[in-house]
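Please model the complete structure; the sequences and the hints are all you need to start from.
Protein chains: 2
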Amino acid sequence: MKQFDIESKILIVGLGLLGGSYAKALSKKGMYVSAIDIRKESIEYALKNGIICEGSTEVQKQMIQNADVIVFALYPKVFVQWIKEYQHLFNPDTLITDVTGVKKCIVDEIHAILRSDVEFVAAHPMAGREVYGVENSDDRIFNGANYIVVPTEQNTREGIANCKKLGIYLGFARIAELSPEEHDEMIGFVSQLTHCIAISLMTCCDNEGLVDYTGDSFRDLTRIARINENMWSELFMLNKQALLTQMDIFMHEFQTIRHFIANGEVDKLKDKMKLSTKRRALFDRK
Amino acid sequence: MKQFDIESKILIVGLGLLGGSYAKALSKKGMYVSAIDIRKESIEYALKNGIICEGSTEVQKQMIQNADVIVFALYPKVFVQWIKEYQHLFNPDTLITDVTGVKKCIVDEIHAILRSDVEFVAAHPMAGREVYGVENSDDRIFNGANYIVVPTEQNTREGIANCKKLGIYLGFARIAELSPEEHDEMIGFVSQLTHCIAISLMTCCDNEGLVDYTGDSFRDLTRIARINENMWSELFMLNKQALLTQMDIFMHEFQTIRHFIANGEVDKLKDKMKLSTKRRALFDRK
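For the protein sequence lines, the chains are P and V, in the order given.
Those letters in the first sequence? Residues 1 to 286, by the numbering used here.
Those letters in the second sequence? Residues 1 to 286, by the numbering used here.
None of these hints come from the bench; they were simulated from the model.
Just so you know, not all the hints are guaranteed correct.
Copies of one chain are not kept apart here, so a pair can be met inside one copy or by any two copies together.
Unchecked claim - In silico EDC-like links for lysine to aspartate or glutamate, alpha-carbon gap of 20 Å or less:
| id | residue 1 | residue 2 |
| --- | --- | --- |
| 1 | 240 | 185 |
| 2 | 240 | 267 |
| 3 | 29 | 138 |
| 4 | 268 | 229 |
| 5 | 40 | 54 |
| 6 | 77 | 108 |
| 7 | 274 | 208 |
Keep in mind it's a predicted model, so treat the numbers as computed, not measured.
Here's what the structure looks like:
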């Protein structure tokens, strides 16, 4: 496999918010970026605005063979389907990576079907916005954010290093590494559980009038309640067991705090608040 | 009662983050602001930085009698105690207001003990920060925020109008009015419930290592998990029934969503996400 560097040619498959933000970040560094997306307007917008050098709504052999790195920014199931249909077009030694929000099931499935002469290194950029499409893409979402590489035993040291370098070129602040299982447990907690909470807050009662009264707390806890139902329901289902476990852990703790309030156990309630304050402080320092 | 205007003299009792932010906002408008606080450093800091014109660590008769409006920015129980001890020093026709985060119990208790020739109009500024003290005060927290006046039948039209004008002078974007019962139900939901959720997220498992992996969702949902345990446990206990009710409503909805995920009821899950998205959009437009 070629070393990833500024000369590497990147193909983005799926030019939505994340794919578009990848393209912007890498084009700004002076790299050659092409893209494939079924939506004609996305390709036209990206070409017109200098986000990509080359684009197509069709799967073009030449574009695929020209790429050193192919980034899949598709819904999980579409990603797997795409690999099945078009992997015969890959150049040997191409690095394949992705942005998928769940890992274990996807990584296993891709490795099971993928040609042995190309390498897939899974990655999860921990960045996003509550809006969609290349028109809303913004490479600044990567500043200060975490990029998680999720390798398996089938990956080479070279492939993993190249995937990490991509994260650095994109502008992420921190490059981390987790196993697929660790990733899915972590994501069940920090991302999927928090989305379930935000949704529940918005749907548990008729709160449309509250906008006239609320402070920032409610706004903060519900920002992510604007959610793409197709993408997120797919992600939830693909990570069902880890998510249910995290929901149960959270609910147990929430019930404990409810119990302290109901029984006036103020000292125990304060202990929870002190622990919460101490732990949360860590997140502000970094 | 005198009309509230730019000539009104304001006394702040309790010069912490909120009291200090009130003082800054009103001093910047050119108003005469004095303050009483037991912490000597707070008074010295505020005098030195032009946040107040006059200050004392003692309860001074002259300062109290000179004020047209007295704002209590104290913990709820300290506020009630203060009124009991020092209300004999009030001038007739003084407007008394507060910033207390719970209303029904406080408003009832204050009205039960207060002299009949001064008027107390309760208010709740829906603004704050996760830091404390006059040194961290910042009047910009009121920009774009909601100010809720919580009158009872014992209040006069004049008193309520003066209290609302104070909110306008402070720089709040929206002045609303709720009954004490409505206020406490609302605050149980948008503020206290959200704090319980944030605390639970931080304390339900050992998550100190997560800072290397997490994205913005978890940060957003736990910002308010840095919490002053003395103030918030007091507020929770004073609004116990409303808070427990809101916790139960939330938990029931969260369980419903868990059920949809566990049973693969994807269409029902998507319906919740669509409703959540639609409702949350209202909060972005205003």
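Outcome of the hint check:
1. 240 / 185: within (10 Å within a copy, 34 Å between copies)
2. 240 / 267: between (36 Å within a copy, 15 Å between copies)
3. 29 / 138: within (14 Å within a copy, 39 Å between copies)
4. 268 / 229: between (39 Å within a copy, 11 Å between copies)
5. 40 / 54: within (13 Å within a copy, 67 Å between copies)
6. 77 / 108: Within one copy, since 13 Å is at most 20 Å while 59 Å is not.
7. 274 / 208: between (33 Å within a copy, 14 Å between copies)
Every hint from the earlier list agrees with this structure, and none is contradicted.
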